[in-house]
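> Work the whole structure out from these sequences, hints included.
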Amino acid sequence: MDFTVIIDNLPLYLSGLRVTIELLILALLCGFVLALPLGVAAASRRATVNAFPRGFIYFMRGTPLLAQVYLIYHGFAQFDFLRESMLWAVFKEAYWCALIGFSLNTAGYTAEIIRGAIAQTPRGEIEAARACGMRPGVALRRVILPSALRRALPAYGNEVIFMLHGTVIAGVITLVDLFGAAKIVNSRHFVPFESFIAAGFFYLCLTFLIVWLFKGAERKWHAHLRPRAA
Amino acid sequence: MAEVIGYLPFILTGTVLTVQVALLSLVIACALGMLAAAAKLSDSAAARLVGGVYTTLIRGIPDLVLMTLLFFGGQIAINHLTDALGLGYVDVSPFAAGVVTIGFIFGAYMGETFRGAILAVPRGEIEAGAAFGMSPARVFLRITLPAMVRHALPGFGNNWLVLMKTTALVSVIGLHDMVFKAGQAGGATRQPFSFYLLVALLFLLLTAVSNLGLRYLERRYSVGVHATVADAEGA
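Residue numbers (my numbering), protein chains in the order written: chain W, 1 to 230; chain V, 1 to 235.
These are calculated hints, taken from the structure and not from any lab test.
It is possible that part of the hints are untrue.
Keeping only pairs whose Cα atoms sit at most 30 Å apart, straight-line, the calculated BS3-like set for lysine-lysine is [stated by the list, open to error]:
| # | chain 1 | residue 1 | chain 2 | residue 2 |
| --- | --- | --- | --- | --- |
| 1 | W | K215 | V | K165 |
| 2 | V | K165 | W | K220 |
| 3 | V | K165 | W | K92 |
| 4 | V | K40 | V | K165 |
What follows is a list of derived Cβ distance ranges for each label pair [stated by the list, open to error]:
| # | chain 1 | residue 1 | chain 2 | residue 2 | range |
| --- | --- | --- | --- | --- | --- |
| 5 | W | K92 | V | V162 | 29 to 35 Å |
| 6 | V | A45 | W | I25 | 37 to 43 Å |
| 7 | V | L23 | W | R135 | 49 to 55 Å |
| 8 | W | P11 | V | L217 | 38 to 44 Å |
| 9 | V | V162 | W | E93 | 25 to 31 Å |
| 10 | W | I7 | V | V162 | 32 to 38 Å |
| 11 | V | L217 | W | S187 | 43 to 49 Å |
| 12 | V | L145 | W | W88 | 56 to 62 Å |
| 13 | W | K92 | V | F10 | 55 to 61 Å |
| 14 | V | L87 | W | F190 | 19 to 25 Å |
The structure presented is a predicted model; accordingly, all values stated were derived computationally and were not measured.
Every residue gets a Cβ at the ideal spot worked out from N, C-alpha and C, and that includes glycine.
This is the structure in structure tokens:
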């Protein structure tokens, strides 16, 4: 194997790395903002409140990310009213379609994590909040969410890694992310091993980075769960 | 709508292929998963290292990168091999590349699930088997394997559902699964949204059917456990 081709194409890989990280961070931010209300609503016992978020979660978790992104990128072209509207400037760009698809997908998974964490809140914590005279909204903000989001941290770390791996789909719909860069190098020089192993190496490093970041976050936010140092 | 119905048999042949890919990869994943679990629980440090590297690498690299690596790279490797052996040209089919990669990836996930399930089998049961004079292989087949199924089923079920969705990626390396066929039908009728939505609903259907099967298996393999709970309550 000859990795000099990879060294020569390093700028391409690095710009791909930038696109991957950018898509990942933006999708996670948008996804989390969507997931918070969806997760809280899905945890509700009232059927009128939880029906839509639970349906959304079911669809996002039950169908492949590739099909979801295709549905937006290729599928929306079917609707003439969309093609003629201002929104078409957004939906004709692979970048925005990928970002919207990734955001909705991670919103579905994250909402389910938040729903599960809320459902596991110890009854005593909620009763204590009520006993202190907190209204439901205040109890949610001050007691339930801080406790539930801490519990959700390990599962969310896994979701971030899955989303990183999901971003390769950007490379499928013509964007030049890490995977797209590897595809270009492979088709120019016909070096499938070197090109994809290099991309795999970058993804592996990103995965380790995320694992390390979440270890740090758990050390910070789960400090109260650690055995006390002597 | 009429076009969607007209193309339904066309899409459904893709669904059959999707299910074939999924089931065949599942077989490979289970076999590799047992090997990985055995390696990670082994007394040999070398085996534990190999098992650890396998599960870490697979879970750190996106599935599509591994799949394209195997599809394009595997072709070159096989060409070298057949040249060296003086054989003719062998084509790596996208079907084989897809099945092998997905099986290889989910072998790592299954390995973690199986490892936990084996550890959950009470030591006493395994020791009892050995005390009866069973060989280690027989202990595994008659005691550990049937007892671990119950513990492995929830994780196995999750892995299966994720695996099924991962099969959508084989369309990227040119296999005519239902996502690929939805693209063709959508292009021909200029109704891509309808066909991708149909495929999404078919995936939901496959998930629902799988859940029914998994729930049946979980009931079946927990029979002994439920009986003891009922006995305890009856006493």
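> Does each hint hold? Answer for all of them.
Going down the list of hints, with the structure as the test:
1. K215/W - K165/V: holds, 29 Å
2. K165/V - K220/W: With a Cα-Cα distance of about 35 Å, the restraint between K165/V and K220/W is violated, given a limit of 30 Å.
3. K165/V - K92/W: Distance of about 26 Å is within 30 Å: holds.
4. K40/V - K165/V: Measuring from Cα to Cα gives roughly 27 Å; hence the hint holds.
5. K92/W - V162/V: 29 to 35 Å: holds, 31 Å
6. A45/V - I25/W: 37 to 43 Å: Given about 39 Å between the Cβ atoms, the range holds.
7. L23/V - R135/W: 49 to 55 Å: holds, 53 Å
8. P11/W - L217/V: 38 to 44 Å: violated, 52 Å
9. V162/V - E93/W: 25 to 31 Å: The hinted range 25 to 31 Å holds for V162/V and E93/W, with Cβ atoms some 29 Å apart.
10. I7/W - V162/V: 32 to 38 Å: holds, 36 Å
11. L217/V - S187/W: 43 to 49 Å: holds, 45 Å
12. L145/V - W88/W: 56 to 62 Å: This hint holds: roughly 57 Å between Cβ atoms.
13. K92/W - F10/V: 55 to 61 Å: violated, 28 Å
14. L87/V - F190/W: 19 to 25 Å: This hint holds: roughly 22 Å between Cβ atoms.
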